[in-house]
Structure formats: C-alpha cells, structure tokens
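Number of protein chains: 2
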Amino acid sequence: MSKYEDVVNLALRRSIFFPSSEIYPSAPAGMFDYGPYGASIKRKVVDIWRKELVQKENFLEIEGAQIMPVDVFKASGHLKSFNDPIVKCSKCNSIYRADKLLGEKTGKEFPEAMPVEEYDKEIKANNIKCPKCKGSLNKTVLFNLMVKAELGIKSMVDCFLRPETCQSIFLDFSRLNKTMRIKLPVGISQVGRSFRNEISPRQTLLRSVEFSQMETEIFFDPDKIDVIENFDEVKDYEISIQRQGSHGVELISAGKLVEDKIVSGKLVAYYLARVQQLYEKYGIPLDSMRFREVSKDDRAFYSKETWDFEVKTSVGWLELIANNYRTDFDLKGHMQASNQDMQYVYPDGKKLIPHVYEISIGVDRTFYAVLEHSYKEEKKKDEKRIFLSLPSGLAPISAAVFPLLSNKPEIVKKSKKVYDLLNSCYEVFFDSSGSIGKRYARMDEIGCPFCITIDFDSLENDDVTIRERDSTEQKRVKIKDLQNALFMLVTGMKKIKDF
Amino acid sequence: MSKYEDVVNLALRRSIFFPSSEIYPSAPAGMFDYGPYGASIKRKVVDIWRKELVQKENFLEIEGAQIMPVDVFKASGHLKSFNDPIVKCSKCNSIYRADKLLGEKTGKEFPEAMPVEEYDKEIKANNIKCPKCKGSLNKTVLFNLMVKAELGIKSMVDCFLRPETCQSIFLDFSRLNKTMRIKLPVGISQVGRSFRNEISPRQTLLRSVEFSQMETEIFFDPDKIDVIENFDEVKDYEISIQRQGSHGVELISAGKLVEDKIVSGKLVAYYLARVQQLYEKYGIPLDSMRFREVSKDDRAFYSKETWDFEVKTSVGWLELIANNYRTDFDLKGHMQASNQDMQYVYPDGKKLIPHVYEISIGVDRTFYAVLEHSYKEEKKKDEKRIFLSLPSGLAPISAAVFPLLSNKPEIVKKSKKVYDLLNSCYEVFFDSSGSIGKRYARMDEIGCPFCITIDFDSLENDDVTIRERDSTEQKRVKIKDLQNALFMLVTGMKKIKDF
Numbered sequence: 000m001s002k003y004e005d006v007v008n009l010a011l012r013r014s015i016f017f018p019s020s021e022i023y024p025s026a027p028a029g030m031f032d033y034g035p036y037g038a039s040i041k042r043k044v045v046d047i048w049r050k051e052l053v054q055k056e057n058f059l060e061i062e063g064a065q066i067m068p069v070d071v072f073k074a075s076g077h078l079k080s081f082n083d084p085i086v087k088c089s090k091c092n093s094i095y096r097a098d099k100l101l102g103e104k105t106g107k108e109f110p111e112a113m114p115v116e117e118y119d120k121e122i123k124a125n126n127i128k129c130p131k132c133k134g135s136l137n138k139t140v141l142f143n144l145m146v147k148a149e150l151g152i153k154s155m156v157d158c159f160l161r162p163e164t165c166q167s168i169f170l171d172f173s174r175l176n177k178t179m180r181i182k183l184p185v186g187i188s189q190v191g192r193s194f195r196n197e198i199s200p201r202q203t204l205l206r207s208v209e210f211s212q213m214e215t216e217i218f219f220d221p222d223k224i225d226v227i228e229n230f231d232e233v234k235d236y237e238i239s240i241q242r243q244g245s246h247g248v249e250l251i252s253a254g255k256l257v258e259d260k261i262v263s264g265k266l267v268a269y270y271l272a273r274v275q276q277l278y279e280k281y282g283i284p285l286d287s288m289r290f291r292e293v294s295k296d297d298r299a300f301y302s303k304e305t306w307d308f309e310v311k312t313s314v315g316w317l318e319l320i321a322n323n324y325r326t327d328f329d330l331k332g333h334m335q336a337s338n339q340d341m342q343y344v345y346p347d348g349k350k351l352i353p354h355v356y357e358i359s360i361g362v363d364r365t366f367y368a369v370l371e372h373s374y375k376e377e378k379k380k381d382e383k384r385i386f387l388s389l390p391s392g393l394a395p396i397s398a399a400v401f402p403l404l405s406n407k408p409e410i411v412k413k414s415k416k417v418y419d420l421l422n423s424c425y426e427v428f429f430d431s432s433g434s435i436g437k438r439y440a441r442m443d444e445i446g447c448p449f450c451i452t453i454d455f456d457s458l459e460n461d462d463v464t465i466r467e468r469d470s471t472e473q474k475r476v477k478i479k480d481l482q483n484a485l486f487m488l489v490t491g492m493k494k495i496k497d498f
Numbered sequence: 000m001s002k003y004e005d006v007v008n009l010a011l012r013r014s015i016f017f018p019s020s021e022i023y024p025s026a027p028a029g030m031f032d033y034g035p036y037g038a039s040i041k042r043k044v045v046d047i048w049r050k051e052l053v054q055k056e057n058f059l060e061i062e063g064a065q066i067m068p069v070d071v072f073k074a075s076g077h078l079k080s081f082n083d084p085i086v087k088c089s090k091c092n093s094i095y096r097a098d099k100l101l102g103e104k105t106g107k108e109f110p111e112a113m114p115v116e117e118y119d120k121e122i123k124a125n126n127i128k129c130p131k132c133k134g135s136l137n138k139t140v141l142f143n144l145m146v147k148a149e150l151g152i153k154s155m156v157d158c159f160l161r162p163e164t165c166q167s168i169f170l171d172f173s174r175l176n177k178t179m180r181i182k183l184p185v186g187i188s189q190v191g192r193s194f195r196n197e198i199s200p201r202q203t204l205l206r207s208v209e210f211s212q213m214e215t216e217i218f219f220d221p222d223k224i225d226v227i228e229n230f231d232e233v234k235d236y237e238i239s240i241q242r243q244g245s246h247g248v249e250l251i252s253a254g255k256l257v258e259d260k261i262v263s264g265k266l267v268a269y270y271l272a273r274v275q276q277l278y279e280k281y282g283i284p285l286d287s288m289r290f291r292e293v294s295k296d297d298r299a300f301y302s303k304e305t306w307d308f309e310v311k312t313s314v315g316w317l318e319l320i321a322n323n324y325r326t327d328f329d330l331k332g333h334m335q336a337s338n339q340d341m342q343y344v345y346p347d348g349k350k351l352i353p354h355v356y357e358i359s360i361g362v363d364r365t366f367y368a369v370l371e372h373s374y375k376e377e378k379k380k381d382e383k384r385i386f387l388s389l390p391s392g393l394a395p396i397s398a399a400v401f402p403l404l405s406n407k408p409e410i411v412k413k414s415k416k417v418y419d420l421l422n423s424c425y426e427v428f429f430d431s432s433g434s435i436g437k438r439y440a441r442m443d444e445i446g447c448p449f450c451i452t453i454d455f456d457s458l459e460n461d462d463v464t465i466r467e468r469d470s471t472e473q474k475r476v477k478i479k480d481l482q483n484a485l486f487m488l489v490t491g492m493k494k495i496k497d498f
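Protein chains in written order, with numbering that gives the first Met the number 0: chain A, 0 to 498; chain B, 0 to 498.
Okay, chain A solo, but in the shape it has when bound:
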C-alpha cells in the first residue's frame, strides 16, 4: 500500500476528511468535507500563512464573493482558454480527457493545451479506442472548466463560480488603489474557495472540484523590481531550484539568483525565499521541496516567468504553488474590458499599470503534503504504531486529558479539574473510554502532541503523567506546574526529556 493510501485510510478512519454528501449515491465526485480534526489542521495551515507571509509582509487581505459575472472571465481569458480537451466514445458515450487517455495508452506525456486536431492525429496514429467498450472515439472538443451558477430568474444574469480567487484581487485593486492610498509594491491576498469542473476528479484532495486557495498578487513598478526593502534578510538564504532542462535540484542563494539573472529581479527571488521559509514552518524537509522553472511552452501565455513550487510525495512531485510573473496582463485586460482607469498614480503625477507577481497556493494540497510528511509508522515488537508528527502549530488539539480508570470517581473528578485548568488556554480533549493504549493510539493518529494521564498516584502526589507523541517518553509533572510545563512543551521551548 502506498503512503498516499495510508494517509487516506487514516483520514477516513479518524474523519479528518471524507467524501461530501457521502450518504447519497448521487453525490458528485471531487467534493470533500473536512471533519473536526481536519478542519482544525486546515485552519492552522491558513493561520500560519497569514502570520508568516501576509502579516509579516504587510499584505492587504480581502474577502471577495465567489460568484462573478461572465464579463470578468471574458477579460481574464478564462471563458476562451480555460478548457480541457475531451473525447467521447461514439458507442457508449463515455467521456475521457484526451491528454490523459493518450498518456495512459502511450506512456508518453501530452500537454493540456495542444490544438484539438493534434489530439485527434495522435489518437488515430496510436489507434486508441474507448477503454470501456472498444468503440471508436469522436473528435476532441474543448470543455470549459468553469462552473456556471444559475442566478436570477431564467438566468437573467450570466455568472460563474470563480475558478481562482485572484480575479477579485485584480478587480478590487481599483477601489483599494483609490481609497487606501496604497504605495507600490503592495501585496493583496485572499483565501477562499474556488471551483473547477474537473471531468475526472481524482486522488481525493489533490484534484477536486471544490478547493481552497491562498493567493497573493503583488503589484509593483517593473522599473523597481530590484528595489526590495528587506532583500538583505534573504540574500544568503539558499533556495531549492530546479532549472529548466535540468533534472536535478541546486541550492542557490537569493542573491545569486538575482546576480546570475536566473530570475527577473530581486522581487522574485525575495518571495521564492519567503515561500520556502513558510514551508519550513509547515514541517516540509528541504530535500522534499523544489521550485521548478516552467518552460515557455508549459506556462500560461501571459506569464513572463513561472516557478512551480513542488513537494515530493508518494504520488510524485506535487505542485502546491504557482509563482507567476503575470506582467500587466490582468489589470490591462480588466481596464480594457471595463473601461475603467485602474492605473497607479505617483505623487509626481506619473501613471502606471502595475505589474503583478503572483503566489497562488493550493490549501488542500498543502494540507495533504503536511499530512503525508508527518505520517509515521513505527514497529515495536508485534505492534504497529501510527502517528502524525505534526509541527505543534498545526496540531488540531494541544493536549488530551485521560483519567486512567474511568470507573474511579476521584480520578475522573481530578481529571476534569485538570481539563478545566488547561481548557482556558489550550485546545484540550477529554477522553475516558477504552484502554489507555487505545486512547494513546487515537491521539497519535490525529497528531495530538501531548497526553496527560491522571492515576491513583496523582491523587496522593497531586501530579500527572505527560506523554510526548513522537518519542512516547513520559514524565511526571506536578499539577501546579502543569500550565507552565505545557506552555514550554507546546511552544517547543522545552522537550519532555528536559523535565
């Protein structure tokens, strides 16, 4: 069984995530609900992004509507170009993605964006038939990936669910620029849901119809791409880079990326560094991260430079972030389509359509990568222990409180007191059912870093046992010192062995 399957099994067993509306067979594929532990970890992924990137960099965070009118997507190019090539079987009506089907049948890789005739030529050349009924395939057609929202009476208004959160950032730049006296460079961020009409959603959270993004668009003057106030902080910081055409990864400092003109300027190198630092906080090891330079053929036509941030997982290198230098494509497009002046005006009256550098992060994929990288199995004697070694800032609960024997009222009473003591400052969980071993196992599997047990000795000595998730080491701590001890442990200022 692959690690991916291990993680999904764990997720289902502990309700970390699971198919949405699953009690109904008619539920569409590619939709997931996060259960209590999953929702908590996901929120913490977002909180760390907000703290470490948005707030440290003084980005402005907005929250836009998810339904947007068709004119937005005419201007952005989504209506015309946001398509998958699909083929339909002439006999059984089954539908396939042309690029994926070709890939599976030939073992080669096909781009998503070839002209449709090219797919037809390849299908013919390779004599590809319907995998289900061997029927012949109709011509390839383009299928738009946006989900239409039927708004108003008789669809008076032509609207779509946004396929990415960034369009409201571009639109709102107009108002923020006028009302908030912003100064370039300025980042505007948003976290929220996006929707893509995947015809074959797969791999649970990795390619779903409804998903979450944390996006930032940094608006800047291209003449000042090298004017970055805090660049010196990252100058010598080494970034994991895979250059175009190369199969290996090099560690290159931000300073050297600029010096050797591997990136367009300091702004790009600076934010590659900041992104890598963010993923260090998420607990992803450096040798499992890379920024892959995307070739001109493979990147979006408006992008001058693209670095896909990828994390190594059991299903291969997984793209979590698109880092795109989008130039003035977006603002220019919306200015033309809306006939609004969205230019930035310098104090001296000089006008400018700012350029945009984008950091577009997939939340669910980041969540998955965090889960897989923290998933650990340990064999001791004949027993297998599974635990999530989550960084403490991502654990869904800080500590669990167990009365050793749940049929001893004094022990239960003391345990509740301990629980109440901690509940005012931490997210704690009380569990009195099943053997201690089972209770430990449940907490290990959801990544709870500390379990606190109250036993007979606790009644006499006014102390508890604290057990650390990763080492399973245990120490006794006086209840009067417990709040302080947990603070030291949760913040990582002390390890259990230091007690």
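FYI, nobody ran anything at the bench for these hints, they're computed from the structure. None of the values given here were measured: they were computed from a predicted structure. Keep in mind that the hints are not guaranteed to be accurate.
A pair holds if it fits inside one copy or across any two, identical chains being indistinguishable in the list.
Unchecked claim - No more than 20 Å apart at the CA atoms, straight line, and that leaves these computed lysine to any residue pairs for SDA-like:
#, residue 1, residue 2
1, Lys-43, Gln-276
2, Lys-50, Asp-461
3, Lys-479, Asp-286
4, Lys-50, Asp-419
5, Lys-413, Ser-313
6, Lys-50, Gly-392
7, Lys-147, Ile-198
8, Lys-494, Asn-483
9, Lys-43, Cys-424
10, Lys-90, Cys-129
11, Lys-379, Pro-408
12, Lys-182, Asn-406
13, Lys-107, Ile-152
14, Lys-280, Lys-494
15, Lys-412, Asp-231
16, Lys-177, Ser-431
17, Lys-123, Ala-440
18, Lys-182, Tyr-418
19, Lys-416, Phe-230
20, Lys-416, Val-140
21, Lys-50, Tyr-425
22, Lys-79, Asp-381
Chain A is already provided as a structure; the job is to place chain B on it using the hints.
The following block gives chain B in isolation, referenced to the frame of chain A:
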C-alpha cells in the same frame, strides 16, 4: 441621513465592504467584497464565536463542501418549499416579490408563505398594478431560491449551492457518530458561505445573495433535554425575552424560563443565555437585543420552538440568529431518503434518532450590527469626528504608528523602529502621509483603538504619545515601556487615563 446610510458611506469610503465586481455593469446585485479592514473585522467576529461558543462548549467544527447534490435538498424540503412568491408584469416583464409588493402598496404585512391564490386575491382586491408601467400583473408563481451549479458535462449531475451550511452537519453526523464515538448531547458547528437566489437583494449586507453563516446543530436525547452539565452557571442570568403576542421585552432568568415552561427545557434556556453572552462580547448593549418568540404560523413547519435573536438597528429590529428546536426532522428525513441508519446507539444498545437544537447565526448581519452599534459621531466646535468604537477584540488593527513629520529622517527612522518593535506581537499600521489630524481621522473611522506618535521630543526623551480612540486622551509613554503599555491597553486591563 439614517445611521444605516452613514455606515454604508463609511464602509465605501474606507473600503470596509463594497459591491463585488463593481467595475463591471453586468455584476449581479447582492454580492459584496470585504476590503482589508472589513475582512479583518469579519474574521474576528468568527474568531470570537469560535472561542466563546464552539470551543467553550466543546462543539465539533467541520468544514463541508458548498456544492451538494439535489437529493440532499429533496430530503431537506428545500426543493419543494424554499420558494419566494413572485409576480411578473404582463406588459413590461418586471418581476416583484408578491408579499413585498403587497406590503409596500397596502402598508400591511404579508407572510412569505401564503398559498399563491391568496396573493392573487389580495392583488386583485387592492387593485395593484406594476409600479413601473402600470401594467396588470400575471398570476403569482413560486420561485425556488436555491442557486443551481452546473456541474459535469451537460449537467450530468444535478447540484445546488447550499442555501444554508447546516445540511452538511446533518449528513456528516452519520460518519462522526460512527468514527468519533461522540456522546450526546453534542454540538457540530460550521462557518462558511451560503447562497440564496434573492430576486430583489437589498440593504447591502442585510439581504445578499452570497452570505456567510456560523451554524451549530446540537444533537440530543429529548428525554434528557433537562440534563445540562453547566446549567447552574446561567441559572440566574437574565435573558431579554419577547414572548409571543407581547410587544415588550422582559428580562427573565434562564432558571425561570425553564421553571415557567416558557422554553422546552434547560438545553434551550442554556443556549439562549450563551448566545446573549456572545453578543455582549460583540459590544451589543442589552437593551438592543431580544429573543423574539416566533408563533407557530410564522416558524418553519418542522420547528417545535423558535426564538429569533434580534438586534435593534436604524433599519429596525434585525434578525441575526434563528434558534430553532428542529426535533428529529432533519436526521429522519435524510435517513429515509438515503436509506442509511444514522441513529445514535447507547452503550446498552438502545437506539435513538437524536433531536436537534439549532443556533443559526448570520455573520454578515452580525458584522453590520457590530458596525452600526460602534458607529459614533461627535461634534467639537465646527468639526465632526466619526469613529468606530469597536470592542478591542474586533478592531482590525491594534495600533497605528505615525512619525509627526515625515520629512525628518530621524523621526521616520525612530518611528520605523517603534513599528518593528510592535509588529512582532500586534497588528500595527504605519502611516506617514498627511497631517496628524487626517491620520487620526482615518484610524478613527476604521476603529483603530490606539495611535502612537513620534515627534521631536521623542528623539530626546525616547518616548511616544499614545492617543486613545474613544476619549482622544493622550499620554506620553517611554519606548521601553511601550510593549507592556500596549498589552495593558489592548487587553483592557488599563485605560489611557491610568498611565
């Protein structure tokens, strides 16, 4: 100008919220984006709910998909009953809500859920014509309020955007019940977007198409409605109650509500108390809150008991929360439709379809109520000062840092140092442009509680001026004491006058 208009004007001026996709004339009505300050306040509204209600009460918080299949809404009754009565002009095709049009024209109130023939009768009796062209009106028809999402190719899958977040809570109860060994009573919560196809969205955030809810469904055994562990904590706490038929509000303790059988049991009284306490944290004064008992005719047919939590505003008493005793309607409906056993099983094998008590909170309306109640105007001499007297836990930024003179490098440098000192612990904002008066005014209008100014004296004495938003009082504080001072001020442990 009404206070509602004052608040909306302020919101637009400071980009707190504004119409979504506004640069396009085709943008649908009833959609709003939250700008940086608004998004921050809204997040804090949610954070306080999570801390004060969800976490204190040990509710489980999930995060479900927004798109759900039609079967969910067949079972929930939305497909059949979630309608508005509408009439169309036979001449100009304008569309109106029958109940609203009747209300406007007759000055009387008409329920939303009369049989359609009744509306037609009233329209005829009152000789109501199209307000735009005086044309005669067609027959009233029912218009379903759910927004359809076109998923899959050729709408292979019949799906809707959820009209309320609670349906995933009911569906997921099935899995959580089986995998998380939950014990009744248990609350399951969710915060997220919902969508309603309002034909006449109005009053900005108060009736929009896309909106946010924070919902909790408490699953319990109806035989144990009076077994509430912490009831004594609220027994003597007085709740603002408006009983059916009465026009006035009475303060009745939770204990008395139970004793006099005004509510179905302790569980209901307990959560009415908790909700009122939550809104005290939001800064809503007690005399502007009430729980209005909803009569049998006006509440949903499945609800055994409904208390609408309303807040007094310039547009009247505004419903922010529906507190519904939904009985076993939801679980029973989904069990029948899905053929799944969702019953709760007691350790002794006894089975039960839990009853549900719901706390369904409108986030945007709560946000609006907070804004309106904190909106203050003060006249001093000929000047008008506008400020948002937000409780400190809701302020979008904790403090602003101003160099008195932005053309003095020593002052700017020292100000940046102060900014960096505070930025590690607080959300601070740096502003060096415009007169000090203007900078104060901008911060007052977004509810920033403290402004810190660095001037010539600061260079010599190593101190700053702190100005408090509500009193405008100012005190000088040494920079070395500043972090500590701000902590005392932000937490409310000290007032500026105590320095």
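Verification of the supplied hints:
In this assembly of identical chains, the alpha carbons of Lys-43 and Gln-276 lie at most 20 Å apart only when taken from the same copy (16 Å versus 27 Å across copies). For a Cα distance limit of 20 Å, the shortest separation of Lys-50 from Asp-461 qualifies neither inside one copy, at 38 Å, nor across copies, at 29 Å. In the homo-oligomer, the alpha carbons of Lys-479 and Asp-286 never lie at most 20 Å apart, since the shortest distance is 43 Å inside one protomer and 42 Å across protomers. In this assembly of identical chains, the alpha carbons of Lys-50 and Asp-419 lie at most 20 Å apart only when taken from different copies (15 Å versus 29 Å within one copy).
Neither within a single protomer nor between protomers do Lys-413 and Ser-313 lie at most 20 Å apart by alpha-carbon distance, with minima of 45 Å and 51 Å respectively. In this assembly of identical chains, Lys-50 and Gly-392 lie within 20 Å of each other by CA distance both inside one copy and across copies; the values are 12 Å within and 17 Å between. Taking identical chains as interchangeable, the C-alpha atoms of Lys-147 and Ile-198 lie at most 20 Å apart whether they share a chain (14 Å) or sit on different chains (18 Å). Only within a single protomer do Lys-494 and Asn-483 lie at most 20 Å apart by alpha-carbon distance; the minimum there is 13 Å, versus 29 Å between protomers.
For the homomeric pair Lys-43 and Cys-424, the shortest alpha-carbon distances inside one copy (16 Å) and between copies (18 Å) are both at most 20 Å. For a Cα distance limit of 20 Å, the shortest separation of Lys-90 from Cys-129 inside one copy, 9 Å, qualifies, whereas the shortest one across copies, 53 Å, does not. Proximity of Lys-379 and Pro-408 under a CA criterion of 20 Å is satisfied in neither setting, with 34 Å inside one chain copy and 65 Å between copies. Taking CA atoms no more than 20 Å apart as the test, Lys-182 paired with Asn-406 passes between copies only; the shortest distance there is 17 Å, against 65 Å inside one copy.
With identical chains, the CA atoms of Lys-107 and Ile-152 are never at most 20 Å apart, being 47 Å at best within one copy and 27 Å at best between copies. Taking the shortest Cα distances, Lys-280 and Lys-494 sit within 20 Å of each other inside one copy (18 Å), while across copies they are farther apart (37 Å). In the homo-oligomer, the alpha carbons of Lys-412 and Asp-231 lie at most 20 Å apart only across protomers (18 Å), although the nearest pairing inside one protomer, at 56 Å, exceeds that limit. For the homomeric pair Lys-177 and Ser-431, the shortest alpha-carbon distance between copies (17 Å) is at most 20 Å, but the shortest distance inside one copy (58 Å) is not.
In the homo-oligomer, the alpha carbons of Lys-123 and Ala-440 never lie at most 20 Å apart, since the shortest distance is 54 Å inside one protomer and 70 Å across protomers. Taking identical chains as interchangeable, the C-alpha atoms of Lys-182 and Tyr-418 lie at most 20 Å apart only when they sit on different chains, with a minimum of 17 Å there against 49 Å within one chain. In this assembly of identical chains, Lys-416 and Phe-230 lie within 20 Å of each other by CA distance solely across copies; the values are 18 Å between and 50 Å within a copy. When the C-alpha separation of Lys-416 and Val-140 is checked against a cutoff of 20 Å, the pair qualifies neither within a copy, at 65 Å, nor between copies, at 60 Å.
When the C-alpha separation of Lys-50 and Tyr-425 is checked against a cutoff of 20 Å, the pair qualifies both within a copy, at 19 Å, and between copies, at 11 Å. Taking CA atoms no more than 20 Å apart as the test, Lys-79 paired with Asp-381 passes in neither setting, with 59 Å inside one copy and 57 Å between copies.
Violated hints, in rising order: 2, 3, 5, 11, 13, 17, 20, 22; the structure is consistent with all others.
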